[in-house]
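Residue numbers (our numbering), protein chains in the order written: chain A, 1 to 301; chain R, 1 to 143.
None of these hints come from the bench; they were simulated from the model.
Treat the hints loosely; a few may be bogus.
[Said to hold, decoys possible] For each label pair, taking beta carbons as the anchor points, the in silico distance ranges come out as:
hint, chain 1, residue 1, chain 2, residue 2, range
1, R, Asp140, A, Arg196, 53 to 59 angstroms
2, A, Glu189, R, Thr122, 36 to 42 angstroms
3, R, Gly20, A, Gln103, 34 to 40 angstroms
4, A, Glu177, R, Ala114, 35 to 41 angstroms
5, R, Leu112, A, Gln103, 36 to 42 angstroms
6, A, Gly142, R, Gln142, 47 to 53 angstroms
7, A, Ser261, R, Ala114, 37 to 43 angstroms
8, R, Asp80, A, Arg22, 31 to 37 angstroms
9, A, Arg22, R, Leu112, 37 to 43 angstroms
10, R, Asp118, A, Ser13, 20 to 26 angstroms
11, R, Asp118, A, Asp197, 33 to 39 angstroms
All residues carry an ideal CB built from backbone N, CA and C; glycine is no exception.
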Amino acid sequence: MASQQDIKQRITSITGTSKITRAMELVASAKLRRAQVRIEALRPYAKGMRRLMSGAARRSGSLNGIPLLEEREETRRASVIAVTGDRGLAGAFNVNVIRRSLQEADDLIEQGFDEVVFTAVGKKGGGTLRFRGKVLENHFQGFSSEPTFVDATTVADFVSGRFLEGEVDKVVLVFNEFKSVVEQRVTAEQLLPVPRDFVDDADGDGEVDEEHEFSKALAEFEPEPQALLEQLLPTFVNTTIYRALLESAAAEHAARRTAMSNASDNAGQLIDDLTLAMNRARQAAITQEILEVVAGADALS
Amino acid sequence: MSTSAPEKKRLGVQILTPEGSVHDGVAAMVIAPSVGGELGILPRHVPLIVQLRAGETRLKLLDETEVVMATTAGYMSVEDDRVLIMVEQAELAGEIDRGRAEEALQRAEDALAAAAGDEVATRSAEADRKRAENRLKVVDKQS
Chain A
1 MASQQDIKQR ITSITGTSKI TRAMELVASA KLRRAQVRIE ALRPYAKGMR
51 RLMSGAARRS GSLNGIPLLE EREETRRASV IAVTGDRGLA GAFNVNVIRR
101 SLQEADDLIE QGFDEVVFTA VGKKGGGTLR FRGKVLENHF QGFSSEPTFV
151 DATTVADFVS GRFLEGEVDK VVLVFNEFKS VVEQRVTAEQ LLPVPRDFVD
201 DADGDGEVDE EHEFSKALAE FEPEPQALLE QLLPTFVNTT IYRALLESAA
251 AEHAARRTAM SNASDNAGQL IDDLTLAMNR ARQAAITQEI LEVVAGADAL
301 S
Chain R
1 MSTSAPEKKR LGVQILTPEG SVHDGVAAMV IAPSVGGELG ILPRHVPLIV
51 QLRAGETRLK LLDETEVVMA TTAGYMSVED DRVLIMVEQA ELAGEIDRGR
101 AEEALQRAED ALAAAAGDEV ATRSAEADRK RAENRLKVVD KQS
């Protein structure tokens, strides 16, 4: 049995650890709240963007010939963007995204793509994917906890560039969606080419809209609808990536909070167990001493 | 357009950015920098979708006061007397501090020089610089 001294030392060390996990839990809670506010703030903009896009799409004669919208015949190379966090200690948060990204890559191969390359957002994703020997086209990091619109634009410009150069024929975005404080769901979305439903369905109810305000009235456009749509699409891609980054940030903080809360609870449990063990050890030592004294007295008589 | 009541002589104006709503209210007139030049919107304007460049957006309120904002590139839609302006960033001219704006410009230029080669840093510094320049331009016009 471990000595009292050993147990005491372990209790001290676990108390220290639990202080750290408790502090991380509180920090994650505060950051989570901020991230949630930012997701809420983005919603009206994203909705307006979609309305404008479908308004322009409706009025432009043909949607063909717009590169970001065009489904490609070729299936040479596909790209998967994995949105992870810069830091660990968030439970299965990063692992889930990586696993899903690899699975999406397998699916793309099955669909007939010759090769799948990866773009990692977040330190953790980049490290793991490289370690697994995957082809990493680019690696963005340093903004997973509080992403800005400019960060999203940087990522979007890179992947759109690769797509427009014809280097990749399809881009899939994998990220943790923030469902609620206790639930994160890994989601995979096709980013490029921009799915047609995004331009046909302004309100996002899953149906192609029959009537649209801008199609009823003769709206003026500047520049021409098709040119405007071509301008709008990159902004739409930026917004989509920005949303994914924000969702992922909120999900990361939520996951870390849960993980740290569990760790703190475990530490408390461990301290209780160890205190019990220590008391037992102390009692055993006392009993031992009494026995020795009694035995000694007996031997004298 | 439908037969709206004659007293309806105002515009509902909403200015949105990815970071949230910057302005939500009514105005008598909106003047925005479209890619084709300055564009003034009065009530009962025909439905419109235009692309905006960076510059200053002015709102004439019902009591004749003017709200001036430094806005980045974006889009504006007008429909049924509702004006929706969607830009990456919008700041009230009155809230821009000249000294701080100059500092920001300096900082952005330094960052741009330091970021040579780093794609991410360059992009972000360039965006900062453009924003700072636009901010200064709007402030200068104010005074």
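Evaluated hints:
1. Look at Asp140(R) against Arg196(A): about 46 angstroms separates their beta carbons, and that is not inside 53 to 59 angstroms.
2. Checking the proposed 36 to 42 angstroms range against Glu189(A) and Thr122(R) shows it is violated: the Cβ atoms sit about 28 angstroms from each other.
3. In this structure, Gly20(R) and Gln103(A) meet the distance hint of 34 to 40 angstroms, their C-beta atoms being roughly 35 angstroms apart.
4. In this structure the supplied range 35 to 41 angstroms holds for Glu177(A) paired with Ala114(R), their Cβ-Cβ distance being about 36 angstroms.
5. Between Leu112(R) and Gln103(A), the C-beta spacing of about 41 angstroms keeps the proposed range 36 to 42 angstroms intact.
6. Evaluation of the 47 to 53 angstroms hint for Gly142(A) and Gln142(R) yields a failure: the beta carbon distance comes to about 36 angstroms.
7. Range check, Ser261(A) to Ala114(R): Cβ separation about 41 angstroms, and the 37 to 43 angstroms hint holds.
8. Between Asp80(R) and Arg22(A), the C-beta spacing of about 54 angstroms breaks the proposed range 31 to 37 angstroms.
9. Against the hinted window of 37 to 43 angstroms, the Cβ-Cβ separation of Arg22(A) and Leu112(R) comes to about 42 angstroms, which satisfies the hint.
10. The hinted window of 20 to 26 angstroms between Asp118(R) and Ser13(A) is violated, with their beta carbons roughly 41 angstroms apart.
11. For the pair Asp118(R) and Asp197(A), the supplied restraint of 33 to 39 angstroms holds, since their beta-carbon distance comes to about 37 angstroms.
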